[in-house]
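Novice: Position 71 of the sequence shown, counting from 1, maps to 71 under full-length UniProt numbering, and the rest follow consecutively.
Be aware that one or more of the hints could be misleading.
[Claimed, not checked] Calculated cross-link-like contacts (lysine to any residue; reagent style SDA-like; alpha-carbon spacing at most 20 Å):
| # | residue 1 | residue 2 |
| --- | --- | --- |
| 1 | K74 | K145 |
| 2 | K370 | N56 |
| 3 | K346 | S232 |
| 4 | K34 | E24 |
| 5 | K236 | E283 |
| 6 | K77 | E55 |
| 7 | K58 | P44 |
| 8 | K370 | Q148 |
| 9 | K15 | Y82 |
| 10 | K145 | V163 |
| 11 | K34 | P44 |
| 12 | K43 | L96 |
| 13 | K197 | S187 |
| 14 | K273 | Q37 |
| 15 | K170 | K358 |
| 16 | K145 | K197 |
| 17 | K34 | G65 |
| 18 | K43 | K58 |
| 19 | K27 | E283 |
| 20 | K15 | D243 |
| 21 | K77 | E61 |
| 22 | K80 | Q37 |
| 23 | K27 | E55 |
| 24 | K358 | T183 |
| 25 | K99 | I138 |
| 26 | K34 | R2 |
| 27 | K333 | E259 |
| 28 | K263 | L290 |
| 29 | K355 | E185 |
| 30 | K222 | T235 |
| 31 | K80 | F111 |
[Said to hold, decoys possible] Distance ranges between label pairs, derived from CB positions:
| # | residue 1 | residue 2 | range |
| --- | --- | --- | --- |
| 32 | T54 | N248 | 45 to 51 Å |
| 33 | N199 | E257 | 19 to 25 Å |
| 34 | I69 | L231 | 50 to 56 Å |
| 35 | L254 | K145 | 40 to 46 Å |
| 36 | L254 | E61 | 25 to 31 Å |
Bear in mind the hints are in silico, worked out from the structure with no lab data behind them. Yeah, the Cβ is synthetic: ideal placement off N, Cα and C, and Gly gets one too.
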Amino acid sequence: MRIGIEAQRLFRPHKHGMDRVALELIKNLQVFDKENQYFIFVKPDEDHTAIEETENFKIVEIEGGLYPIWEQVKLPKVVKSYNCDVLHCTSNTAPLNAKIPLITTLHDVIFKEGSILSQLTTSASWYQKIGNLYRRLIVDAVVNKSHQIITVSNFEKQNISNVCGLDDSKIQTVHNGVNASFTTEISASKKDNVRKKYNLPNQFLLHIGNTDPRKNTARVLKAFNRYVNTLSKDTKLVLVGLDNTKLNIILKNLDLENELADKIVLTGYVSDKDLPVIFNLSEVFLFPSLREGFGIPIIEAMACGVPVITSNTSSMPEVAGDAALLVDPNNEKAIFEAIQKIQSNKIFKNELVEKGLKQYQSFSWENAAKKVLNIYQQFNHKNI
1 MRIGIEAQRL
11 FRPHKHGMDR
21 VALELIKNLQ
31 VFDKENQYFI
41 FVKPDEDHTA
51 IEETENFKIV
61 EIEGGLYPIW
71 EQVKLPKVVK
81 SYNCDVLHCT
91 SNTAPLNAKI
101 PLITTLHDVI
111 FKEGSILSQL
121 TTSASWYQKI
131 GNLYRRLIVD
141 AVVNKSHQII
151 TVSNFEKQNI
161 SNVCGLDDSK
171 IQTVHNGVNA
181 SFTTEISASK
191 KDNVRKKYNL
201 PNQFLLHIGN
211 TDPRKNTARV
221 LKAFNRYVNT
231 LSKDTKLVLV
241 GLDNTKLNII
251 LKNLDLENEL
261 ADKIVLTGYV
271 SDKDLPVIFN
281 LSEVFLFPSL
291 REGFGIPIIE
301 AMACGVPVIT
311 SNTSSMPEVA
321 GDAALLVDPN
331 NEKAIFEAIQ
341 KIQSNKIFKN
351 ELVEKGLKQY
361 QSFSWENAAK
371 KVLNIYQQFN
381 HKNI
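Using the sequences plus the hints, can you model the full thing?
Specialist: Printed below as a string of structure tokens:
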């Protein structure tokens, strides 16, 4: 087969969830599929080390421009010129004029929830707002055009079926996995280097956040403030993914600028190379998102031997199982009490760690890639 994979952001230096999923999928397909010919369609960008061409994997760079134009106009023309048998689009949208079988990965349909006005008035960045608006406007046509939808959790499968009016048979769940770099086997020297690089304190809780309200960073800050004021004034909070300007806006809205000014350490963007080390150095990972299609950081933290606090909503119970402390993400007191329970009970904390080290092994990028390959093969013209 000649398989096209749209992974337009694969080469951008600061990769996020969907980019990382596409990268792991392609890297694992490269390992065990030596028969089919792959064409990876990307935008030119800085990180050319993300993936290397092999005999049957060719990188095809398509010059940029606004993403809708790149996807709807440029991509179909190039795909046609490579005579692909199937096209897999990995980032929630797809070209509507593709002339071959189309597979689309819908990580979630969060962008369909709430009114357009409410989405445009959230504190998310304008980049996020415009992206969500584009996805919202096009997704119904995309799912109707697609021959197969892939999603990342059983929760999201049911949600897509309900929101988009699709029969379950058109949607397949392919769970995400954990990269092997997320491990407890990290040297003391590497830990020391990363601690110095990011100026990390000796004892800290960890949260990955951004300006998207669903990451629930504001309630994490409120729960942390309660914790340091009542139980552990020496503990600090390390925030990955936020810069000082964005943090100050959140703190000002919460009236916590003075109370937390010296209690928070900002790392900014953290590379995939350093993130496992930061997990290993942390005491507890706080991930009480309001909504997730999957929540990869949950199992990454577990693989690093860190106890996890996450939400009892959407996909997170499916991913965490009984290996995390589940809380109501709308209840800052519940988040605070979860921190207190883990930090005050070593036996319970160690039990969570041990359960997490087993739970993450249920999720494998190799298995994910094999499931996706089976989906591709359904569209082999020899089998149709």
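Novice: Decide if the proposed pair is consistent with the structure: K43 and L96, CA atoms, cutoff 20 Å inclusive.
Specialist: holds, 19 Å
Novice: Between K145 and K197, is the straight-line Cα distance small enough, at 20 Å or below?
Specialist: Judged against 20 Å, a Cα distance of about 48 Å means the pair is violated.
Novice: Does the alpha-carbon distance linking K34 and P44 stay inside the 20 Å limit?
Specialist: violated, 26 Å
Novice: Okay, L254 versus E61 on CB: inside 25 to 31 Å?
Specialist: violated, 44 Å
Novice: Are K358 and T183 close enough, with their CA atoms no more than 20 Å apart?
Specialist: Roughly 12 Å between the alpha carbons, so the hint for K358 and T183 holds.
Novice: Should the hint that T54 and N248 are 45 to 51 Å apart at their CB atoms be regarded as holding?
Specialist: Distance hint for T54, N248 holds at roughly 46 Å.
Novice: Honestly, do I69 and L231 meet the 50 to 56 Å range at C-beta?
Specialist: holds, 53 Å
Novice: Can the restraint linking K80 and F111 be considered satisfied, given a maximum Cα separation of 20 Å?
Specialist: violated, 30 Å
Novice: Below or equal to 20 Å on CA atoms is what counts here, so check K77 against E55.
Specialist: Cα-Cα ~24 Å, so violated.
Novice: For the pair supplied as a hint, K145 and V163, confirm whether the alpha-carbon distance does not exceed 20 Å.
Specialist: With Cα atoms ~16 Å apart, K145 and V163 stay inside 20 Å; holds.
Novice: Verify the proposed pairing of K80 with Q37, using a straight-line Cα cut of 20 Å.
Specialist: The given pair, whose Cα atoms are some 15 Å apart, holds under the 20 Å limit.
Novice: Would the pair K370 and N56 pass a check requiring their Cα atoms to be no farther apart than 20 Å?
Specialist: holds, 17 Å
Of the hints listed earlier, those the structure fails to meet are numbers 6, 9, 11, 14, 15, 16, 17, 19, 28, 31, 36, in rising order.
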